[in-house]
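In order, the protein sequences belong to chains A and B. Quick note on this note's numbering: the first sequence kicks off at 1 and runs consecutively. Quick note on this note's numbering: the second sequence kicks off at 1 and runs consecutively.
Quick caveat, the hints were computed from the structure, so don't treat them as lab data. Take these hints with a grain of salt, some might be off.
Claimed, not checked - Here are the simulated lysine-lysine pairs, PhoX-like style, with alpha carbons at most 25 Å apart:
#, chain 1, residue 1, chain 2, residue 2
1, B, Lys199, B, Lys117
2, A, Lys323, B, Lys151
3, A, Lys237, B, Lys124
Stated by the list, open to error - Okay, the calculated beta carbon distance ranges per label pair:
#, chain 1, residue 1, chain 2, residue 2, range
4, B, Ala78, A, Leu226, 52 to 58 Å
5, B, Gly194, A, Gly132, 57 to 63 Å
6, B, Lys199, A, Gly232, 43 to 49 Å
7, B, Ile114, A, Gln102, 55 to 61 Å
8, B, Pro148, A, Ser212, 46 to 52 Å
9, A, Phe303, B, Phe144, 16 to 22 Å
10, A, Gly132, B, Phe170, 41 to 47 Å
11, B, Ala83, A, Gly302, 37 to 43 Å
12, A, Thr236, B, Val292, 31 to 37 Å
13, A, Thr236, B, Val178, 43 to 49 Å
14, A, Trp27, B, Ala110, 39 to 45 Å
As the list claims (entries may be wrong) - Here are some chain A residues pointing at chain B (derived, C-beta under 7 Å):
#, residue
15, Pro126
16, Tyr134
17, Ile137
18, Val138
19, Gly141
20, Glu144
21, Val148
22, Thr149
23, Asn152
24, Ile283
25, Phe338
26, Gly339
27, Leu342
28, Met346
29, Arg347
30, Pro350
All C-beta atoms in this analysis are idealised placements derived from N, C-alpha and C, irrespective of residue type, glycine included.
Take a look at the letters that make up each chain.
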Amino acid sequence: MATHRAPRTFSPPVPSSGPWGFLAERWELVTLAVLAIAPLVIPALGGALGGQVTNLFIYCILALALNVMVGYTGLVHLGIASFFGIGAYCLAILTVPMYPFQIGFLAATVIAVLVTAGTGLALGAPTLRLRGDYLAIVTLGFGEVVKVTLRNLEQITGGMKGLNPVPPPGAGVTLAGIDLGKEFAIDPRWFYYLALLSLAGVVLAMRRLENSRLGRALVAVREDELAAQAMGISATKVKLSAFAMSSAVAGLAGCLYAASLSTTADPNAYDFNRSIMVLCAVILGGLGSIPGTLLGVAILVGFDTVLAPWADSWIQQMNINPKGLSYLSFSGWRLAIFGVALVLVMRYRPEGLIPSRRLSAELHKGGAES
Amino acid sequence: MPRQAGPPDYRSDPFPEIFRVSVQFLLQQCLIGLTNGALIALVALGYTMVYGIIGLINFAHGDLIMLGACLALSLVGALGMTAAGPATTWVGIGGLVLLCGLFCGLLNVAVDRIVYKPLRNAPKLAPLVSAIGVSFIFMNVGLFWLGPADKSFPELLPSTNLLHNDALQFTWKDLLVVLIVGPLMVALSVLVKGTKLGKAMRAVSQDPTAAALVGVNVDRVIAATFFIGGFLGGAASVIYGLYINTIGFQMGFQNGLYAFTAAVLGGIGSIPGAVLGGLVIGLVRALASAYVGERWTGAIVFAILIVILVFRPEGLLGRRVKEKV
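Generate coordinates for the entire structure from the input sequences, incorporating the hints supplied.
This is the structure in C-alpha cells:
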C-alpha cells in the first residue's frame with residue numbers, strides 16, 4: 001500500500017478532559033453506582049421487576065461469555081446456551097435435595113464453572129482445526145446433542161421437569177444474625193445484588209482480558225491466524241483459552257440462572273433459540289465491545305419484557321384486534337422484527353451500535369481477502 | 001428384567017424365524033432411510049450449491065422450504081386436489097412441484113439480490129448473520145400463513161403397498177419420492193456438467209475474479225445458483241408435505257439442520273457429496289430411530305457429524321482447501 005497510515009494503537013486512549021469525558025471513560029463505574037443504589041430508591045425492584053432485572057444481568061454475563069469467542073477471537077459459536085445449561089444442571093445436581101451432595105452455593109458454583117470450562121476444552125480440543133463455518137456447525141450440533149441428552153436422561157436430569165428445588169444461595173448459613181438462605185428466598189433484591197456483583201466481576205475481568213497479552217493474542221488470531229502464528233502466537237493455545245473462558249463464564253451465568261429460578265427449568269430453555277438470541281445481542285451491540293454487548297442484551301431483553309407487552313396492551317386497549325389475530329398483535333411480529341434488525345445492522349452498521357475500536361477498522365477495510 | 005429364552009438353535013434351522021424377521025426389519029428401515037435420505041439430499045443440494053459458489057451457509061434455506069410447503073398446502077386447498085381422480089392427482093402433483101419450485105427459486109433469488117448481494121465483499125460473518133435474520137423473517141411469514149399449530153397435509157396418494165410382500169412396505173408415497181428426486185438429480189448433473197451455465201457455475205465457485213476476467217457474468221451465475229437451489233427446495237417442500245403429512249412454521253429449522261448436516265458430511269460445495277450425505281443421514285436417522293429410539297435420533301446424527309468433521313473436516317467427497325494469508 002502506497003499511503004502511509006499511522007499504526008493502530010491497542011492501548012487505551014488518553015482520558016479526555018471535562019466531566020462528560022470522565023463519564024464516558026468511567027461508564028462502568030457510573031452505571032454500577034446507579035444500579036447499586038437503584039433497589040434502595042425504587043421499591044418496585046423488590047418485586048417482580050427485580051427478578052426481571054436480575055435475569056437481564058444474567059443474560060449480560062452470558063453475552064459477555066459469547067463475546068470472548070465471537071467478538072475477540074472471531075470463532076462463530078452457535079451453542080453457547082448448551083454451556084449455560086451445563087452450568088445450571090451442574091449446580092442443580094450439586095445442590096438439590098434429590099442428590100446426596102447438597103453442598104453450598106459457592107462451592108457448587110466453583111465446581112460447575114470448572115466442569116463447564118472442562119467441557120468447553122473437551123469440545124474445543126478436537127474441533128479447533130476446523131475452519132469458521134464448520135466450527136459454527138459443530139457448536140450448533142453440540143448444542144442439540146446437549147439439549148437432547150438433558151431431555152432424555154430422565155434419571156439424572158429430571159427430563160422435561162428439570163431439577164428442582166435448587167436451594168437459594170447461603171441456605172442454612174447465618175451471617176451476623178441474618179439467615180442468608182431465608183433472605184434470598186424472600187427478597188429478590190438479594191439476587192439482584194448477587195447478579196450485579198457477578199456481572200461487575202465479569203466486566204472487570206473482560207476489561208483486564210482486553211488489555212492483557214492473551215487478549216491481544218485473541219484479537220491477533222481473529223485478524224489473521226497464520227500471521228499471528230508467524231509472530232510466535234500459538235493459535236491452538238489461544239483458541240483453547242477462548243473456549244475455556246467463554247464456557248466457564250457461560251457456566252457461571254447458568255449457575256446464577258438456576259439459583260435465581262430455584263429450578264433448572266426444562267431443557268428447551270437451553271436450545272438453539274437462546275444461543276441465537278444471545279448472538280444477536282452481541283452482534284447488535286457490537287462484536288468485541290463490552291458496552292455494546294451490554295447494550296445489545298438490554299435492547300433485546302427490553303424488547304421482549306417491556307416493549308412487546310406494552311405495545312400489545314396498547315393494541316388491546318385501542319381495540320384494533322378484536323379477533324386476536326397474530327399479525328395484528330405486536331408480539332406476533334417479534335421474529336420478523338429481529339430478522340429485519342439483523343439484516344439492517346449487517347448491511348449498514350456491521351460493527352454494531354457501540355463498535356469496538358479494534359473491530360471497526362477491520363470491518364470497514366472492505367476486501368474479501370484473508 | 002427377566003432373562004430372555006436361550007439363543008435360537010441354529011443347527012436345526014439355518015434361518016430361524018427371529019433372524020428372518022430381523023433382516024426384514026433391517027431392510028425395511030433401510031428402505032425408509034433411503035427414501036427419507038433422498039428428500040434430505042434434495043434440500044442439501046440447495047445448501048451445498050450456494051455454499052460452493054459464494055461461501056455462505058444459507059441458514060434461511062430450511063425456512064424457504066417451509067414457505068414452499070405453505071404454498072403447496074394452500075394450492076392443494078384452492079385447487080380442490082383432495083377430490084381429484086388418480087390421473088389428475090399425478091398431474092396436479094407435477095404442477096405443484098413446478099409452481100412451488102418456481103416460487104422458492106424466485107424468492108431465493110430475490111433474497112440474494114436484496115440481502116446478500118450488497119454483502120459480497122463484507123467479512124464472512126455478515127452474510128451468515130443476515131441469513132439468520134432472513135430465516136427469522138421467513139419463520140414469521142410462515143407463522144402468519146399457517147398459524148402457530150402444526151397443520152396436517154392431506155393424503156393425496158393411496159398408501160397401498162406396491163411390493164407383493166407383506167414384510168416390506170414400498171408405497172405410492174415412496175415411489176413419488178423416487179420419481180421426483182431421481183429425474184431432478186439427473187437434470188441437475190446434466191446442467192452442471194454439460195451446459196455452458198454449469199461450466200460458468202463451476203468456474204465461479206473456483207475463482208470468481210478469474211471467472212469474471214474471462215467474461216463470465218458472475219452476478220447472473222450466482223442468481224442462477226440461488227434459483228436452482230431454491231427450485232430443488234420447492235420441489236422438496238411438496239414431497240415433504242405429501243410424504244410426512246405434517247407441516248408447521250418451525251419445521252424449517254430442524255429439517256434445514258439435517259440437510260445442512262448432510263451437505264457438510266458429504267463435503268460442502270460438492271454436489272455428489274450432498275446426495276451421498278443425504279442418503280447417509282437418512283439411513284442413520286432411520287436406523288437410529290428403529291434401534292436406539294426416536295428421541296435420541298437428533299443427538300446421534302449430530303454426534304456423527306461432529307466425529308466426521310473432527311476426523312475428516314473436508315467431508316466425505318470434499319476437496320481440502322489450503323488456507324492462504
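Hints, one by one, checked against the model:
1. B:Lys199 with B:Lys117: 22 Å, holds
2. A:Lys323 with B:Lys151: Distance of about 20 Å is within 25 Å: holds.
3. A:Lys237 with B:Lys124: 24 Å, holds
4. B:Ala78 with A:Leu226: 52 to 58 Å: 57 Å, holds
5. B:Gly194 with A:Gly132: 57 to 63 Å: Given range 57 to 63 Å: violated, Cβ gap about 34 Å.
6. B:Lys199 with A:Gly232: 43 to 49 Å: Once the Cβ atoms are compared, 45 Å apart, the range 43 to 49 Å for Gly232 (chain A) and Lys199 (chain B) holds.
7. B:Ile114 with A:Gln102: 55 to 61 Å: 56 Å, holds
8. B:Pro148 with A:Ser212: 46 to 52 Å: Holds, at about 48 Å.
9. A:Phe303 with B:Phe144: 16 to 22 Å: 19 Å, holds
10. A:Gly132 with B:Phe170: 41 to 47 Å: With Cβ atoms ~42 Å apart, the hint holds.
11. B:Ala83 with A:Gly302: 37 to 43 Å: Hint violated: Cβ distance 51 Å, outside 37 to 43 Å.
12. A:Thr236 with B:Val292: 31 to 37 Å: The hint (31 to 37 Å, Cβ to Cβ) holds, given that Thr236 (chain A) and Val292 (chain B) are roughly 34 Å apart.
13. A:Thr236 with B:Val178: 43 to 49 Å: 47 Å, holds
14. A:Trp27 with B:Ala110: 39 to 45 Å: For Ala110 (chain B) against Trp27 (chain A), whose Cβ atoms are near 42 Å apart, the range 39 to 45 Å holds.
15. Pro126: Holds, about 4 Å.
16. Tyr134: Holds. Min distance 6 Å.
17. Ile137: This interface hint holds because 6 Å falls under the 7 Å limit.
18. Val138: 5 Å, holds
19. Gly141: 3 Å, holds
20. Glu144: For Glu144 (chain A), the interface hint holds, since the closest Cβ of chain B sits about 5 Å away, which is under 7 Å.
21. Val148: 4 Å, holds
22. Thr149: 6 Å, holds
23. Asn152: 5 Å, holds
24. Ile283: 6 Å, holds
25. Phe338: 5 Å, holds
26. Gly339: 3 Å, holds
27. Leu342: At about 3 Å, which falls below the 7 Å cut-off, the nearest Cβ of chain B leaves the hint on Leu342 (chain A) intact, so it holds.
28. Met346: Status holds, d = 5 Å.
29. Arg347: The hint holds - Arg347 (chain A) has a Cβ within 7 Å of chain B, the shortest such distance being about 6 Å.
30. Pro350: Pro350 (chain A) check passes; min Cβ-Cβ to chain B is 5 Å, inside 7 Å.
Going down the numbered hints, you'll see the structure goes against 5, 11, while the others check out.
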